[in-house]
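Same order as they appear, the protein sequences are chains A and B. Once you know that position 80 of the first sequence is 90 in my numbering, the rest is easy, because the numbers rise by one and skip nothing. Once you know that position 48 of the second sequence is 58 in my numbering, the rest is easy, because the numbers rise by one and skip nothing.
Incorrect hints may have been included.
Because identical chains cannot be distinguished in the list, a pair is counted as satisfied if it fits within a single copy or across any two copies.
[What the hints assert, rightly or not] Straight-line alpha carbon distances no greater than 30 Å define the calculated DSSO-like cross-link-like pairs of lysine-lysine that follow:
# : residue 1 : residue 2
1 : K39       : K120
2 : K39       : K124
3 : K259      : K39
Bear in mind the hints are in silico, worked out from the structure with no lab data behind them. The model shown is predicted, which means the values in this text are computed figures rather than measured ones.
There are 2 protein chains.
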Amino acid sequence: MDPLKIIKVGGNIIDNPEALDRFLEQFAKVQGPKILVHGGGKLATKLAEDMQVPVNMIEGRRITDAVTLDIITMIYAGKINKNIVAKLQANHCNAIGFTGADGNVICSVKRPVKTIDYGFVGDIVKVNPEVPDVLLQNGVTPVFCAITHDNNGQLLNTNADTIASALAVGLSKYYATELIYVFEKNGVLMSVDDEDSVIENINTESYEKLIKDGVIADGMLPKLTNCFDALKAGVSKVIIGNASVISNKNQKYTTLKL
Amino acid sequence: MDPLKIIKVGGNIIDNPEALDRFLEQFAKVQGPKILVHGGGKLATKLAEDMQVPVNMIEGRRITDAVTLDIITMIYAGKINKNIVAKLQANHCNAIGFTGADGNVICSVKRPVKTIDYGFVGDIVKVNPEVPDVLLQNGVTPVFCAITHDNNGQLLNTNADTIASALAVGLSKYYATELIYVFEKNGVLMSVDDEDSVIENINTESYEKLIKDGVIADGMLPKLTNCFDALKAGVSKVIIGNASVISNKNQKYTTLKL
């Protein structure tokens, strides 16, 4: 059986209509079962401005109050998700849009208040892979936005990277799953300013060394730790690269394996 | 096999959070395969006001320009549809939200311009019932909002009554389908101001007589003509009544059969 590819695309592509169109054309051509997970980009901030809703930041983090959750739901699950689905259909990819509430696929708990009340933000507690599995078996491609639910009727804003990783782990019961993060750089870089310095392969051992040597730090550290957690939980491999990774161009990218 | 119930709920319930909660509780309890189709209510107009987008009316009809289509997509497919799905999940009904683009279920053409350019409004040309069918077979309940697509990447605003009817006809290949319109009155009334004057049964013959006698006119005439068209195209029966029709209370309602 073909591996299942779970491909997460970030806000930088969502915010650029031409780049998004090109990406979706390439995504539609990816062979075998696949799932798309997309971030939100800047459209939610734009709508908040148009509605004159103030952005509520605490310690540099955006707080999801009730109005902000509405905005996120409208933008992520409405405008972005449904336009992606329609464009994939135009590219002959039979897509279907999802939040974690649809099919009860991703259940979360509202993040407990410690020092900061993040509002309607969800931490994933359970993935029910049955509905995506039955759709994949029928040649349909689920497209997830970054929203989950708490099983009590509440939608929750949830990190898209984490959704992709949780889906890959949850579906590893049924498929060999590959988790592919498409972002603005060519991969994990030895030298952050040199796009040619892609580290092509990282395993548990070399990962420890890269951390010790200070190559992996800051934002990349929690991201890669999450990737290794996904590998330990059953995901076959994780790929990190720019949009060309999905079209098998002769472009370098980073592959993570245990 | 149980008949498939396709239940369309109108804007008057969508606009009233308590009435919507009660309705969804009752809907969750409906036995057998079922599909919910919901209208939009007044939330789209409210968002247009918040965004200071002018409403564009020609001859009393709202025109769906590009900005209005975005608003409709955000409200219908985002805010309303996803909150309904989350609430149905809380009521132990495994719901999944749909536009006609999802699963390529409902294909439309942009309404041709004759005297009025309605903008991004779609007239349904094809229903592909395969994806809803596979979900129904797996105990999942599709929830449709009033948006379709043209297979070329364009979402289109489409009448919710028509979507319900097209789905009922499309799925009548696989199921005995019952089309249930939930609206603000108790049913088709002999006397428009008397809620006790429900006409409980209408068939082709009595329908002709009711038109001749002037009992059915104005807005009800095209609605009922569409219902009889659905019956002729394979739907088993059409029920028209208030929200209590789905909970089998001893309330009168109207049943249409050929």
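> Are there hints from earlier that the structure breaks, and if so, what are their numbers?
Replying inline: Of the numbered hints, just 2 does not hold.
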